[in-house]
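Colleague: Listed here are the chains, written in short residue letters.
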Amino acid sequence: MARHIKKSKSEIGLSPYAFVFRGEQKIKDVLLRLIDFNAESLNESVVDSVSKAAKYQEKDSVTWFNVDGLHNTKLMQEISKDFKLDPLMLADVMNVDARPTVKEYNNSIFISIKMLRLDEKSENVLSENLSLILTKSVLFTFQERKGDVFEPVRERIRLQNGRIRRGGTDYLLFALLDIVIDHYIYLVSVLGEKIEALEDQLLAEPTQEVVETINFYKRELNFLRRSIKPAKEMIFSLVKLDTVLINEETALHYRELMDNVNQANESSDHYREILSDQLNIYHTTISGKLNDIMKFLTVFSVVFIPLTFIAGIYGTNFDFVPELHFKYSYFIMWGVFVVLAIAMLMYFKNKKWL
Amino acid sequence: MARHIKKSKSEIGLSPYAFVFRGEQKIKDVLLRLIDFNAESLNESVVDSVSKAAKYQEKDSVTWFNVDGLHNTKLMQEISKDFKLDPLMLADVMNVDARPTVKEYNNSIFISIKMLRLDEKSENVLSENLSLILTKSVLFTFQERKGDVFEPVRERIRLQNGRIRRGGTDYLLFALLDIVIDHYIYLVSVLGEKIEALEDQLLAEPTQEVVETINFYKRELNFLRRSIKPAKEMIFSLVKLDTVLINEETALHYRELMDNVNQANESSDHYREILSDQLNIYHTTISGKLNDIMKFLTVFSVVFIPLTFIAGIYGTNFDFVPELHFKYSYFIMWGVFVVLAIAMLMYFKNKKWL
Amino acid sequence: MARHIKKSKSEIGLSPYAFVFRGEQKIKDVLLRLIDFNAESLNESVVDSVSKAAKYQEKDSVTWFNVDGLHNTKLMQEISKDFKLDPLMLADVMNVDARPTVKEYNNSIFISIKMLRLDEKSENVLSENLSLILTKSVLFTFQERKGDVFEPVRERIRLQNGRIRRGGTDYLLFALLDIVIDHYIYLVSVLGEKIEALEDQLLAEPTQEVVETINFYKRELNFLRRSIKPAKEMIFSLVKLDTVLINEETALHYRELMDNVNQANESSDHYREILSDQLNIYHTTISGKLNDIMKFLTVFSVVFIPLTFIAGIYGTNFDFVPELHFKYSYFIMWGVFVVLAIAMLMYFKNKKWL
Amino acid sequence: MARHIKKSKSEIGLSPYAFVFRGEQKIKDVLLRLIDFNAESLNESVVDSVSKAAKYQEKDSVTWFNVDGLHNTKLMQEISKDFKLDPLMLADVMNVDARPTVKEYNNSIFISIKMLRLDEKSENVLSENLSLILTKSVLFTFQERKGDVFEPVRERIRLQNGRIRRGGTDYLLFALLDIVIDHYIYLVSVLGEKIEALEDQLLAEPTQEVVETINFYKRELNFLRRSIKPAKEMIFSLVKLDTVLINEETALHYRELMDNVNQANESSDHYREILSDQLNIYHTTISGKLNDIMKFLTVFSVVFIPLTFIAGIYGTNFDFVPELHFKYSYFIMWGVFVVLAIAMLMYFKNKKWL
Amino acid sequence: MARHIKKSKSEIGLSPYAFVFRGEQKIKDVLLRLIDFNAESLNESVVDSVSKAAKYQEKDSVTWFNVDGLHNTKLMQEISKDFKLDPLMLADVMNVDARPTVKEYNNSIFISIKMLRLDEKSENVLSENLSLILTKSVLFTFQERKGDVFEPVRERIRLQNGRIRRGGTDYLLFALLDIVIDHYIYLVSVLGEKIEALEDQLLAEPTQEVVETINFYKRELNFLRRSIKPAKEMIFSLVKLDTVLINEETALHYRELMDNVNQANESSDHYREILSDQLNIYHTTISGKLNDIMKFLTVFSVVFIPLTFIAGIYGTNFDFVPELHFKYSYFIMWGVFVVLAIAMLMYFKNKKWL
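Chains as they are written, first to last, in this note's numbering: chain V, 1 to 354; chain D, 1 to 354; chain L, 1 to 354; chain Y, 1 to 354; chain R, 1 to 354.
Pulled out of the complex, with its shape left as it was, chain V reads as follows:
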C-alpha cells in the first residue's frame, strides 16, 4: 500500500536547480490539460505544447493548467520559460519524494501535498505527489499519473453559476486543496469503519488473525498519517503566509482548510487509540483465557495426583501390605478417593480458583 521515502545514492548532492526527475515514471506520455474560465466563458481542452497553453496567461481569466506525468524535463524547462516561473519550482515539482511544503517566490507560491484516493477496484489507497503553483492568472497542478480526485471541482466549474466561476486562482486552489483534504477525512473514516467493525469480532473470538488485522490496519493508518501530518503543517504555513496572491475573502476559506485537516488528524489519532485499545483488549482476553486454562489444569491434575498416588501404593508388590487383605479395602479406597476429591474441590472453591 505505502510508498516509502527512499533516497538513492545518485540523488545525493544534486543541485537544487538540477532538472532531474526523482521518482518512478508512472505514465508513458505527458498529458497537458487546460481549463480556462471566467464568469461568462469556459474553455476546456487538451493542448499538445506548452507554448499553446502559455497564450492563456495573458487573458483576463482563470487558467487551470494541469500536467500529468513529470518525467519530461525538457517540457518542464519550457513551462519555466514560457510562464516565467522560477526554475527552482519546477525542479521541486520533479522531486516527488519531498515533504509537503509551501514556498513563496516572486509572484508565485509553490505548494506540494500528497494526494490520496481509494482505487475503486483494488480497494488500495493510491498515493501520489501533487505540486501546485499559484500565480495571479494561472494555477498549475502537476500529477504523477492520470486520474485524480478533482472531478467534482471540474463539475462545479462547468456550472455557469457556481461561485468558483467568479473566484480567482486563489479560490480554485482552495477548492482543490479542500478536495484533497476531504479525501483524507474520507479515507480515515473508511478505515475507521473497518476498525470499529473489528471490535465485535475481537470480543467474540480473539484469534491471532484479528491481531494481524489490527497490525495491518495500524500500518494503513500510519500510512495515512504520514501524509496528513505534514499536510497539516503545510496548510498552517499557507494560512500564515502574507501574500497578495490570496485575497482576504478567500483567506477565510483557507482557515476552513485548517479546521478540516485538523479534523482528519484528530480522527486518525482517535482510530490509532482505538487500535491500541483493541490490542490491549486482545491481550487481556487472551491472558484471561490462559488463566482459565491454567486454573482448570491445576485443579484437575491436583485432584487426581494424590488419588493416582494412592492407587500406585496399592499396586506395589510387597509381600506384606496389611490393607490389601481386608475385605473392604477396595471400597474404602474408593471412599477415600471421593472424600479427598471433594475436600480439594472445596479448598479451591474457597480460594476462588474455581
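What the hints contain is simulated information worked out from the structure, not anything from laboratory work.
Just so you know, not all the hints are guaranteed correct.
What the hints assert, rightly or not - To give an idea of the chain L side of the interface with chain D (calculated C-beta under 8 Å), a few residues: (1) Ile-12; (2) Gly-13; (3) Pro-16; (4) Lys-55; (5) Arg-99; (6) Phe-236; (7) Ile-286; (8) Asn-291; (9) Lys-295; (10) Phe-296; (11) Ser-301; (12) Phe-304; (13) Tyr-314; (14) Tyr-330.
Unchecked claim - Within a straight-line C-alpha distance of at most 25 Å, the following computed DSS-like cross-link-like pairs (lysine-lysine) qualify: (15) R:Lys-240 <-> L:Lys-295; (16) R:Lys-74 <-> R:Lys-84; (17) L:Lys-289 <-> R:Lys-351; (18) D:Lys-352 <-> L:Lys-349; (19) Y:Lys-9 <-> R:Lys-121; (20) L:Lys-240 <-> D:Lys-232; (21) R:Lys-9 <-> L:Lys-146; (22) Y:Lys-295 <-> L:Lys-295; (23) D:Lys-52 <-> D:Lys-146; (24) V:Lys-295 <-> D:Lys-295; (25) V:Lys-9 <-> Y:Lys-232; (26) L:Lys-146 <-> D:Lys-351; (27) D:Lys-229 <-> D:Lys-240; (28) V:Lys-295 <-> R:Lys-289; (29) L:Lys-74 <-> L:Lys-55; (30) L:Lys-9 <-> D:Lys-351; (31) R:Lys-84 <-> Y:Lys-289; (32) L:Lys-351 <-> R:Lys-352; (33) V:Lys-351 <-> D:Lys-9; (34) V:Lys-289 <-> R:Lys-351; (35) L:Lys-240 <-> R:Lys-295; (36) D:Lys-229 <-> L:Lys-232; (37) L:Lys-295 <-> D:Lys-352; (38) Y:Lys-103 <-> Y:Lys-240; (39) D:Lys-351 <-> L:Lys-289; (40) R:Lys-9 <-> R:Lys-84.
Just so you know, even glycine gets a beta-carbon here, dropped at the ideal spot from N, CA and C.
Following the hints, put chains D, L, Y and R in place on chain V, whose structure we already have.
Modeller: Leaving out everything else, chains D, L, Y and R in the frame of chain V:
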C-alpha cells in the same frame, strides 16, 4: 452512544457555498422559536415564518432566534437573506459533522460546538451539533432536534430582575455556552462516579466483566473527550477574538468559560488515568493470582512426583527385588514418603515459594 | 482522602451573578476575624458584623479580613456592598469546586487556590478551597471551615519588627500564598518519604499488599497533583499580571512563588516516576519468581517422567517379558535410573535452565 | 558503530580559549586542500602552509579551504592569525565531541554538525565532527580524517556552467550542508529498508534472533537520531540568523534544508515506531504460541489423567476387587476410556479451548 | 547517594527575610577564602573576618570571595552589610534545598545551582548547593562544605597570561558555571559507560541481579537529572537576562553554557532510553527462555503421557486381558511406544513447537 464523524463519498468536493444538509434528519418539521427581551419587556413565541422573525431585528432589544431542525435549505436561504447573514455561515450550520469552530464575519460571529446531554430515560448521552450566530441584536441558535439544555437560561430570562435581561446578545451567548460546558463537566462527573465505584468491585473480584466495563467506560470517556477537546480550542479562540460584538465586561465572563472548559478537560484526563490505573490493577491482580495457582501446582505435583515414582518401582514385576520380601518394607516406604514430603515442603518454604 | 469535583444537576445554568453557595456546609456559624496592622500598631479581633469590619478599610493600615464559612449568602452580599467589591467575586467565593484562578477586577484581584494540610490526628490530608481578594488596603481570605495553615504568618505579624508589618496587602498575600505552597512541598515530601520507605519492602518481599500500597500512594499523589498543577498555572498568571496592586519590590517575591510551586510540581513528578518504577520492579520480581518456579517444575517432572515410565513398563503383567526374569534386572533398572537422571540434569545445566 | 560522547577528567575546566585538541587523532598529517573559483576560473590545489592559502582571501572569488586532521594546534593558531578568525572558533573546531551548534561572530559564522556516511566495505556508518566557518570570501571546513561526502559538490564546482560557480560562500555552505543532510536521509532509508525486510521474517518465524536484530537496529537508529536531532535544531537556528553573510536568495535554500532535516527526522521517527510495533508483534506472536502450547498440554494431559488413574486403580493388588473378575471388565474399561476421552474433548471444544 | 528535598514542618511559613540556615551543617567552622586578581597582580588568601575581605571591593580588580559553610547567620549578616548586598540573597544562600534559580537585584545577580562531583574514594556522587552572587567587582561563591570542583579555574587564574586574568567577574562566573556543567557531562558519561558495559552481561546472562543493577543505575541517573534539568532552565534564564553585569563578549560564552547543559541533558535522556531498552531486552529474553522451557516440558510430557498410560493398562490385574498372553505382546508394546513417540515428535516439528 457515539456518533462518529463520517464522510460520505457524495459530500466530497462540495462548494463551501453549497446549501446542502450534511447529516441525518432528526425531526420532521423545522420549529422556529423566538425570545425577544430587554430589561422591561419579554416576548416568547413560536413563529411560522422567517419574515415574521426578521421584524424583531430592528427593535432595540435582544432577540434569541432558535431553529430546531436543519434540513430545510429553503428556510436557511430565507434566514440568510432576511437577516443579511453571510450564506457561508448557514451552509456551515447545515454541516453537522464539522469540527467545533469560531469564524468571524462582517458584523457577525459563527460558533459551532457539540451539545451533550444525558437522556433521562435511556441514560444515554445525546450529542448534537449546535451552531450559534452572534450579531449585535440577534443571537441565532441552530439545533438538530427539539429538546436542549437551555431551559435554565430561559428561566433566568423570564425573571424580570435577572442580570441576563440587562445584558446584550453577547451575554446571552455566554450564558448558553456556559450551560453547554457545565453539561460537559456534569457528564464527566457522572461517568467519573461510575468509574470510581468500579474500583471496589475490581479489588474484590477482578473478573473479565470488570475489564469489559472498564473498556466500555473508556470508550464513553473518549466520546466525551472528542467533544470537549475541540470545544476547549474553540473557546480559547473565541476569547482571543478582537471584536466589537463582545463588550469588555462580558469578556470577563468568557475567560471564565476557559476555566470551566479547562476543568472539564482536566477532569476527563483524570478519569482517563484512573481507568488506565484500574486496568493495571486488574492485570497485577490477575497475574498475582496466576502466580499463586502456579506455585500451588508446582509444590503439589513436585511433592507427589517422587512418591508416585517410588510406588511405581515397587509395582514392577521383577523376579528378584529384595526389598519386596522384607517384612517392614511397606511401612518403611511410608516412612520414606513422609520424610521426603516434609523435606520438600521445607525446601519450598525456604525458597519462599509457599 | 480526596474530594472530587462534582457538578450537581441543580448547579447547571446558574447565573455567574447568582449568590448561591455551591458546596457542602462545613461549619455552623460564619466566623469573621480581622487583623489590622501597620509598622506601629496591631489590632487582632473577632467581629460580629461586616459593617464593623468595613470601618477598617478607610484606615491607613493593612487589614486582613478572614471569613470562615461560606454558606451565608446574606453576609456575602453585605461584604460586597460595604467593601464595594464586585458581586461576581463573592459569587465565585461561594463556588468551592471551581478551578484555581486569578481574575483582575477594578481595583481588586480575585484569587482562588486549594489549601491542603495534614490533619495531625487522622494523618489525612484536608483540602479546602481558599479564595483571596486583594485590594489596596484590605486582604480578604475566605475559608470553608475554621483552622488553617496561616498561624506562622499571624505570628510574624505579631512581632513588631517583622518585615510583614512594614509591607502592604500585596506582601501579606505573598506570605499567605507562600505558606499554602510550602504546605504542598511539605505534603509531597511526607508522602515521598513513605514511598521511598516502600522500596526496601518491595525488594525484600514483593507481596500483593505492597502493590496495593503503591496504588494507594499513587492515588494520594494524584490527589495532591490535582491541586498543585492548577495552582502552578494560577501563580504563573498572577506573576504575569500587570497591576498597580502589587508593587515592584513584592513582585520579586512572587517570582519566588513560581520557583516553589515548580519545585512542588517537580517533586510530585519525581515520586510519580518512582511509583511507576516500583510497579515495574514488582512485576519483574514476580515474573522472575514465576520463572524460577516453572524452571524447577520442569526440571523436576522431566527428570521423573521417563523414570516413572520405565517402572510402569515393568509393572505390566505380560506373560512374556524377558527382562523380568534376569537376576540383576532390578539393579540394572536402578542403574538406568541414575544414569538417565544425571544425563538429564547435565542437559539442563548445559541449557542454563538450572 | 557509535562513538559516545565522553568527557575525560582532564578536559574539565579547560578555558574555552585553550588550544587543545579534544578527541582521538585519526590521521597522521594534516592535509590542507583549497578550491578557489568564480564563474570564470577554477583553481584546485593542495597547499603546504596556511600562509599560502591566506593569499586567496583577498581575491574576488569564492575560496573553499578544507582541513583534514585537527590535532595540529600550531596550524590552528596560524589559521586564526592569517585569516583573522576569532581564536574561540578554532578552539571549538578542535573540540570534536561538542554538540552541533551555530555561533555568530564578527564577520563570520561558526557551524558544527555530525557528518555521517556509509563505509562501502564494512557497511558501518562512519561519524565524524564537521566544523564550518563562513566568511564573506572564504568557507572553511574542518574534518577529522580524509574522505568525506562532498565529492558531488566538487564535481558541480568543476562544471563551468553550474549554479554553484555563480554563487557565493553562502551558497557553497548550503550545498555542503545539503549533502550532509541528504546523507542522513539516505542512511535512515538504508536502515529503514532493512527494518522493513525484517517484518516478513518476524511473521514467519518469530525467533529470539529476530528480537536481537530489532534491538540492534534500534541502537543503530538511535545513533542516527543523536546526530539528526541536534542538526535539526542547528539548521533552525541558522535559518533564523539575521546576518549579512547569507543573501536573501540563498536564504530560500536554507529553508529547504529545514524541510530536508525535518524529513530525516520524521523518517527516523517512523522507523522507530515500526521497530516498536515489531517488538509488539513479536511478543503477541510468542505469547499466542505459548498459549497454543499450553492449551495443547492442558487438553492432552487432562484427557489422560483420569484414564491413567483408572488403569492405576485396577493395577492395585487388593485381594477383593470384584470388577477384576468379570469376564468383560477389560473391554468395559476400554469403553469407559473412549467415552471419557470423547466427553472431555467435547467439553473443551465447547469451552473454545480447542 | 541522593539527598531528597525535604521540607520540615518548622520551615513552613518562614519569612523570606528570615536569616535561618535551612539544611544540615556539614563543617564546623566557616572558611573564608579570597582570590583577588587583575592582569598584573594576584593575591590568594584566607581571611578571618568579613570586614577584611570587604576592603577588596573598592579595588580595581576582580575579587572572588568564597565561603565554605553556611550556618553562621551572623557572618551572613556581616556580608550583607559590608558588601551592601540585599539581605534576601543571603537568606536564599542559607536555603540549600531551594531549586536552582537566577534572580536579578539592584547591581547584583543571585544564582544557585547544584554542584555535583565524584568522591574519589567512595565512588559516590557528592551533591551540594552552590550559590553565587555576581557584582561588578566581586564574585561570591557559597558552598556547604570544603572541597569543590573549582581547582582548575584557580590554576588558570594563577597563570599570569590566562584569558581569565583579563576578564571581569562575569567571565569568572562563566568559568565556574562551565566547570559545574562539565562535571554534569562527566558524571553522566561515567555512569553511561557503566550502563553500556551492562549490555553484554545482560545478553549473556539475564539474571535478576542485572535487573537490580539496571534499577539502581536508573535511580542514579534520575538523581543526576534532578540537578541537570533545573540547571538547564536556570542557564537559559541567565542567558536571557538583560543586564549590564555581563558584557557582550562574555555573553557569547554563556550561550556555550546552554549548549553544554543541553548536551548533559540529552546524554542523560539517551542513557535513560538505553536503560529502558535494557529492561525490555531482559523481559524479552526471560520470556523467551520461559517459552523454551514450556515447550520442552510440553513436548516431553506429552510424549510420555500416552506411553505411561499404555503401560498402566497392561499393569491392571483383570483376570481376562487377551493381549497379556500373546507371546510377542511385550515387544509389540515397545513397537507401539516407538511409533507413537516418533509420530508425536513429527507432529510437534510440524507445528514448529520444536
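Colleague: Name the hints, by number, that the structure is in violation of.
Modeller: 4, 6, 8, 9, 15, 17, 26, 30, 31, 33, 35 and 40
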